[in-house]
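Participant: Just so you know, the sequences run in chain order R and P. Quick note: the first sequence uses my numbering, first residue 195, plus one each step. Quick note: the second sequence uses my numbering, first residue 79, plus one each step.
Worth flagging that the hints you see were computed from the coordinates, not collected in a lab. Cβ atoms here follow ideal geometry from the backbone N, Cα and C, with glycine treated the same way. Some hints here could point you the wrong way.
[As the list claims (entries may be wrong)] Only part of the chain R face toward chain P is listed, based on derived beta-carbon distances under 10 Å:
| hint | residue |
| --- | --- |
| 1 | Pro-199 |
| 2 | Ser-210 |
| 3 | Leu-227 |
| 4 | Ile-241 |
| 5 | Ile-253 |
| 6 | Val-259 |
| 7 | Ala-268 |
| 8 | Val-287 |
| 9 | Asn-288 |
| 10 | Leu-295 |
[What the hints assert, rightly or not] Lysine to aspartate or glutamate pairs mimicking EDC-like chemistry, simulated, CA-CA at most 20 Å apart:
| hint | chain 1 | residue 1 | chain 2 | residue 2 |
| --- | --- | --- | --- | --- |
| 11 | P | Lys-204 | R | Asp-290 |
| 12 | P | Lys-164 | R | Asp-290 |
| 13 | P | Lys-204 | P | Glu-218 |
| 14 | P | Lys-123 | R | Glu-251 |
| 15 | P | Lys-123 | R | Glu-249 |
| 16 | P | Lys-204 | R | Glu-249 |
| 17 | R | Lys-285 | P | Glu-238 |
| 18 | P | Lys-164 | R | Asp-293 |
| 19 | P | Lys-164 | R | Glu-294 |
[Said to hold, decoys possible] Stretch-level coverage of chain R by chain P, calculated; a stretch enters the list once three of its residues show a Cβ under 8 Å from a Cβ in chain P:
| hint | segment |
| --- | --- |
| 20 | 228-240 |
| 21 | 269-282 |
Spelled out, the chains give:
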Amino acid sequence: MTPLPAYLLLSSLLFSIGLAGALTRRNAILVLLGIELMLNAANLNFIAFWRYGMEPEAITGIMFVIFSIAVAAAEAAVGLALIISIYRHYKTVNLDKVDELKG
Amino acid sequence: MNLTFAILAALTVVSAIAAMSLRNLVHCALCVAVTFGGLAALYLKLGAPFVGWAQVLIYVGAVAILIVFAILLTRSDAPAQPVVSKSWVAGIAVALLVFGVLTRAVMTSEITIQQPPAKPEPTVLKIGTELMTRYVLPLEATGLLLTAATIGAVIIALQEPVSKRKNVAGSSNTEQAGGASPAPNPPIPGGHV
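Make the full structure from the sequences, and use the hints.
Facilitator: Laid out in C-alpha cells, this is it:
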C-alpha cells in the first residue's frame, strides 16, 4: 500500500502545475483549466486524508469531495460562459489584451 | 510505493504538464481529460468508488466537453503568438516556491501512519443516507447553487439584445442604425453563437 506522503506529494505537484499554468498562460480557457487542476489536487488530498485518517467510518472527506465537485462544475459553467462573453466583446481571449480595467 | 500508484501518478503528472504547456488548445483539452481520468483511477485505488465514478461522469464527461466547446466557440484566426504571458518567469517562480513549501511541509510533518486502517466500506447506501440526513442542508444549498449557475451561465452567454448593443457597441453599429428605419435584424459583430 502506498504511503500517505506519496499522495500528498502528488497532490502538491498537481497543484503547482495548475498554478503555473494559471499564472503563465495567456489564453483564458487555459487559466480556467489550471484552476480546475488546483481544485482536483485539493480533492485528492481530501480523499487521501479520509483513507489514511483515524476514523474512515466518518465519511466526511468523501462528502466534502462530492460537494466540491458539484461546486467546481458550476464554476466551470459560469467561467466558460464569461469567457465566451468576453470573446464576443473583445474578439479575443488573450488575457494580456483584455486590460481595460488596468489603472 | 507500488507499481499501480507509480503508473497512475506518472500518467496524471505528465498529462497535466502537457495540458499546461502544449500550444494547440484542443490537445490541451484532451490532455486535461486524461489528467481527470488518472485522478478518477486514483480515487478508485484509494477505495472511494462513488467519488471516482462521479469524477469520470462530471469531469471527463461534462467539464471536458464544455471546455472543448468553449475552445471551438472562441477560436480566432489571429496570427500565432507566444502562448505564455510576459511575466512567465515570475509565474513559474511562484509555482516552484509553492511546491517547495508544500513539499517541505509534507516531509517535515509528523505523519507516522504508514499503513492505513482497515479498509472502510463507503457504500453508496451510506453516502445516500448521510446526504439525506446529516448533510441535507448542504445538499439543498448545492441544488440551489447549481440552478443559479445554470441560469446565470445561460444569461451571461446569451446574445445581448440589439437595442442595448447599439448603445454599447458604439461606432460600428450606430452607422447602420442611423437610417430612417432600423433594420429588423442588423448584423451583429461576432454574434455567431
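Participant: With reference to the structure, classify each hint as holding or not holding.
Facilitator: Hint-by-hint comparison with the structure:
Annotation: Pro-199/R was flagged as interfacial toward chain P, and the flag holds, the nearest CB pair being 5 Å apart, inside 10 Å. Taking 10 Å as the C-beta contact cut-off toward chain P, the hint placing Ser-210/R at the interface holds, the least distance being around 4 Å. A least Cβ separation of about 5 Å between Leu-227/R and chain P falls short of the 10 Å threshold, and the interface hint therefore holds. For Ile-241/R, the shortest C-beta to C-beta distance to chain P is roughly 5 Å, which falls under 10 Å, so the interface hint holds.
Because the smallest distance between the Cβ of Ile-253/R and any Cβ of chain P comes to about 5 Å, under 10 Å, the interface hint for this residue holds. Because the closest C-beta pair between Val-259/R and chain P is about 5 Å apart, less than 10 Å, the hint holds. Hint status for Ala-268/R: holds, given a least beta-carbon distance of 4 Å to chain P, under 10 Å. A least Cβ separation of about 5 Å between Val-287/R and chain P falls short of the 10 Å threshold, and the interface hint therefore holds.
Below 10 Å, beta-carbon pairs count as interface contacts, and Asn-288/R has one with chain P at about 7 Å; its hint therefore holds. Evaluation of the Leu-295/R hint against chain P yields a violated restraint, the C-beta minimum of about 16 Å exceeding 10 Å. With a C-alpha separation of about 48 Å, the suggested pair Lys-204/P and Asp-290/R falls outside the 20 Å cut-off, and the hint is violated. Between Lys-164/P and Asp-290/R the CA atoms are separated by roughly 8 Å; this keeps the pair inside 20 Å, and the hint holds.
Between Lys-204/P and Glu-218/P, the direct Cα distance comes to roughly 18 Å. Compliance with the 20 Å bound is thereby established for this hinted pair. Using a Cα cut-off of 20 Å, the hinted pair Lys-123/P and Glu-251/R holds, with the two alpha carbons roughly 17 Å apart. For the proposed pair Lys-123/P and Glu-249/R, the alpha carbon gap of about 18 Å is at most 20 Å, so the pair holds. With a C-alpha separation of about 15 Å, the suggested pairing of Lys-204/P with Glu-249/R holds against the 20 Å cut-off.
A C-alpha spacing of about 15 Å is found between Lys-285/R and Glu-238/P, which places the hinted pair at or below 20 Å, so the restraint holds. Straight-line distance between C-alpha atoms of Lys-164/P and Asp-293/R comes to about 14 Å, which keeps the hinted pair within the 20 Å bound. Taking the CA atoms of Lys-164/P and Glu-294/R, the gap is about 17 Å. The hint holds against a cut of 20 Å. Here's how the segment 228-240 of chain R fares: 6 of its residues keep a CB closer than 8 Å to some CB of chain P, so the rule of at least three is met and the hint holds.
By the rule of at least three residues with a Cβ nearer than 8 Å to a Cβ of chain P, the coverage given for the segment 269-282 of chain R holds, with 12 such residues.
Going through the hint list in order, the structure does not satisfy hints 10 and 11.
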